[in-house]
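Each protein sequence line maps, in turn, to chains A and B. Just so we're aligned: 188 in the UniProt record's numbering is position 188 of the first sequence, and the numbers increase by one with no gaps anywhere. Just so we're aligned: 28 in the UniProt record's numbering is position 28 of the second sequence, and the numbers increase by one with no gaps anywhere.
Derived from the structure by calculation, the hints contain no laboratory data. Certain hints may be false.
Stated by the list, open to error - As a list, the in silico DSSO-like pairs of lysine-lysine whose alpha-carbon atoms are at most 27 Å apart:
id, chain 1, residue 1, chain 2, residue 2
1, B, Lys100, B, Lys33
2, A, Lys137, A, Lys192
3, A, Lys137, A, Lys100
4, A, Lys33, B, Lys33
5, A, Lys130, B, Lys100
6, A, Lys134, B, Lys100
7, A, Lys130, A, Lys100
8, B, Lys187, B, Lys134
9, B, Lys100, A, Lys33
10, A, Lys100, B, Lys100
11, B, Lys33, A, Lys137
12, A, Lys33, B, Lys23
13, A, Lys137, A, Lys187
14, A, Lys187, A, Lys130
15, B, Lys137, B, Lys187
16, B, Lys130, B, Lys24
17, B, Lys192, A, Lys100
18, A, Lys23, A, Lys187
19, B, Lys100, B, Lys130
20, B, Lys187, A, Lys100
21, A, Lys134, A, Lys187
22, B, Lys33, A, Lys134
23, A, Lys100, B, Lys130
24, B, Lys23, B, Lys192
25, A, Lys192, A, Lys100
26, B, Lys137, B, Lys192
To be verified - Calculated from the model, a selection of chain A residues having no Cβ within reach of chain B, i.e. all distances over 12 Å:
id, residue
27, Arg3
28, Lys24
29, Trp35
30, Phe41
31, Asp98
32, Leu118
33, Gly122
34, Glu125
35, Ile129
36, Glu184
37, Pro197
38, Ala204
39, Thr211
Every residue gets a Cβ at the ideal spot worked out from N, C-alpha and C, and that includes glycine.
Protein chains: 2
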Amino acid sequence: MRRLYHQPLSPFCRKIRLVLAEKKIEVELVEEKTWDRRIDFLRLNPAGKVPVLRVDELVLAESSAIFEYLEEVYPDPPLLPRTAAERAEARRLEGWFDDKFHHEVTANLLYERVNRRLARSGYPESARIKEGAKNIKYHLDYIGWLMEGRRWLAGDQMSIADFAAAAQLSCLDYIGDVDWNRSEPLKEWYAKVKSRPAFRSLLADLLPGFTPPEHYADLDF
Amino acid sequence: MRRLYHQPLSPFCRKIRLVLAEKKIEVELVEEKTWDRRIDFLRLNPAGKVPVLRVDELVLAESSAIFEYLEEVYPDPPLLPRTAAERAEARRLEGWFDDKFHHEVTANLLYERVNRRLARSGYPESARIKEGAKNIKYHLDYIGWLMEGRRWLAGDQMSIADFAAAAQLSCLDYIGDVDWNRSEPLKEWYAKVKSRPAFRSLLADLLPGFTPPEHYADLDF
Chain A
1 MRRLYHQPLS PFCRKIRLVL AEKKIEVELV EEKTWDRRID FLRLNPAGKV PVLRVDELVL
61 AESSAIFEYL EEVYPDPPLL PRTAAERAEA RRLEGWFDDK FHHEVTANLL YERVNRRLAR
121 SGYPESARIK EGAKNIKYHL DYIGWLMEGR RWLAGDQMSI ADFAAAAQLS CLDYIGDVDW
181 NRSEPLKEWY AKVKSRPAFR SLLADLLPGF TPPEHYADLD F
Chain B
1 MRRLYHQPLS PFCRKIRLVL AEKKIEVELV EEKTWDRRID FLRLNPAGKV PVLRVDELVL
61 AESSAIFEYL EEVYPDPPLL PRTAAERAEA RRLEGWFDDK FHHEVTANLL YERVNRRLAR
121 SGYPESARIK EGAKNIKYHL DYIGWLMEGR RWLAGDQMSI ADFAAAAQLS CLDYIGDVDW
181 NRSEPLKEWY AKVKSRPAFR SLLADLLPGF TPPEHYADLD F
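Given only the sequences and the hints, what does the whole structure look like? Please build it.
The following block contains the structure:
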């Protein structure tokens, strides 16, 4: 029995769903409204966060720990490059998007616009939305800059770095907050990731009350 | 040439310093005042954060990526357990302290009290300090609870989980913000980590203008 506790617009859940799908690991998806602080869920993960992956009696939490587990146990196809130095670069970028991008952009835009409404925790703070809208620009430019010299974000090979970045960005794209026209290399990179079969189930998710823009699920946006 | 760009009271730098010392990897320490946003440093790590580890021409950033690199290239002594499931537990706790503890506690206490003064970025916000002081209690209790059934935080073996937790806590202990008497298992765990030879250089660091409490460097606190 494999079960992933998740939320449709959680970037960390999307990262793990991409990894699972790319490695062709079937999993039952269970939506968990973490803001309800359900006691049985807190027993699985006292941090109260998704994703949580349950494999029979084994309970895994923290998306980077879940990823490393999956990479070790299901190495095919690899989502980390071959040498230790290249792996460090892939993990550096995974950390960049999980931590820096998430706090500077996703927390300000997505959590203000969507999660507050879902959790009924007050109105969006416009100062934070402004901050997020300002910050996303230099992150998009950083992706564009990396992609001028690379085939994939961390180098020659598709890796966890691409999934970590695309997971955050696909959530923001759902609420129309990504300007893909900022640069050609940026847009080409996202088109490449988005056209992976692994991306399909993400793009099919709909959140009641929130309608994504028309280009959202379009592979030729 | 091995060089670590660091700050004395950065928990992520301390985590990597503990890993380096435990693996007996010698390194030159260079203090980097990240708030000055030195252009040559931003070229090494556009995220503008420490730690950054330079090994000849190779530049490594993001503490969890640096750790995984060191664990792969210098496997002795191992700081991850043997099975994939146990490794996932060690990495889950590394993530807990790097992310959850850091944002709920360290950012509220240490960054308000110390980093603001160092970076001359205004006065501490007392609401955040209160929040941090409230939050640290349940994290300390979580450590105590884990240690009731385990020899080390993630299980039978000392691991990156212990270093990630002790790195955050030793910074907070420097400013007197940790109540070690909350539980016996908590105190015994920290005494055990603190008495590692790897801990010595951390405890010897002094930050001008900030005097640690008497028990700070005392192994028998």
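Hint-by-hint comparison with the structure:
no.: 1; hint: B/Lys100 x B/Lys33; in the structure: holds (24 Å)
no.: 2; hint: A/Lys137 x A/Lys192; in the structure: holds (20 Å)
no.: 3; hint: A/Lys137 x A/Lys100; in the structure: holds (13 Å)
no.: 4; hint: A/Lys33 x B/Lys33; in the structure: violated (41 Å)
no.: 5; hint: A/Lys130 x B/Lys100; in the structure: holds (25 Å)
no.: 6; hint: A/Lys134 x B/Lys100; in the structure: holds (25 Å)
no.: 7; hint: A/Lys130 x A/Lys100; in the structure: holds (17 Å)
no.: 8; hint: B/Lys187 x B/Lys134; in the structure: holds (19 Å)
no.: 9; hint: B/Lys100 x A/Lys33; in the structure: holds (18 Å)
no.: 10; hint: A/Lys100 x B/Lys100; in the structure: holds (14 Å)
no.: 11; hint: B/Lys33 x A/Lys137; in the structure: holds (25 Å)
no.: 12; hint: A/Lys33 x B/Lys23; in the structure: violated (42 Å)
no.: 13; hint: A/Lys137 x A/Lys187; in the structure: holds (14 Å)
no.: 14; hint: A/Lys187 x A/Lys130; in the structure: holds (23 Å)
no.: 15; hint: B/Lys137 x B/Lys187; in the structure: holds (14 Å)
no.: 16; hint: B/Lys130 x B/Lys24; in the structure: violated (39 Å)
no.: 17; hint: B/Lys192 x A/Lys100; in the structure: violated (33 Å)
no.: 18; hint: A/Lys23 x A/Lys187; in the structure: holds (25 Å)
no.: 19; hint: B/Lys100 x B/Lys130; in the structure: holds (17 Å)
no.: 20; hint: B/Lys187 x A/Lys100; in the structure: violated (33 Å)
no.: 21; hint: A/Lys134 x A/Lys187; in the structure: holds (19 Å)
no.: 22; hint: B/Lys33 x A/Lys134; in the structure: holds (25 Å)
no.: 23; hint: A/Lys100 x B/Lys130; in the structure: holds (25 Å)
no.: 24; hint: B/Lys23 x B/Lys192; in the structure: holds (17 Å)
no.: 25; hint: A/Lys192 x A/Lys100; in the structure: holds (23 Å)
no.: 26; hint: B/Lys137 x B/Lys192; in the structure: holds (20 Å)
no.: 27; hint: Arg3; in the structure: holds (16 Å)
no.: 28; hint: Lys24; in the structure: holds (18 Å)
no.: 29; hint: Trp35; in the structure: holds (16 Å)
no.: 30; hint: Phe41; in the structure: holds (15 Å)
no.: 31; hint: Asp98; in the structure: violated (8 Å)
no.: 32; hint: Leu118; in the structure: holds (20 Å)
no.: 33; hint: Gly122; in the structure: holds (16 Å)
no.: 34; hint: Glu125; in the structure: holds (15 Å)
no.: 35; hint: Ile129; in the structure: holds (20 Å)
no.: 36; hint: Glu184; in the structure: holds (21 Å)
no.: 37; hint: Pro197; in the structure: holds (26 Å)
no.: 38; hint: Ala204; in the structure: holds (29 Å)
no.: 39; hint: Thr211; in the structure: holds (31 Å)
Violation of the numbered hints given earlier is confined to hints 4, 12, 16, 17, 20, 31; the remaining hints are satisfied by the structure.
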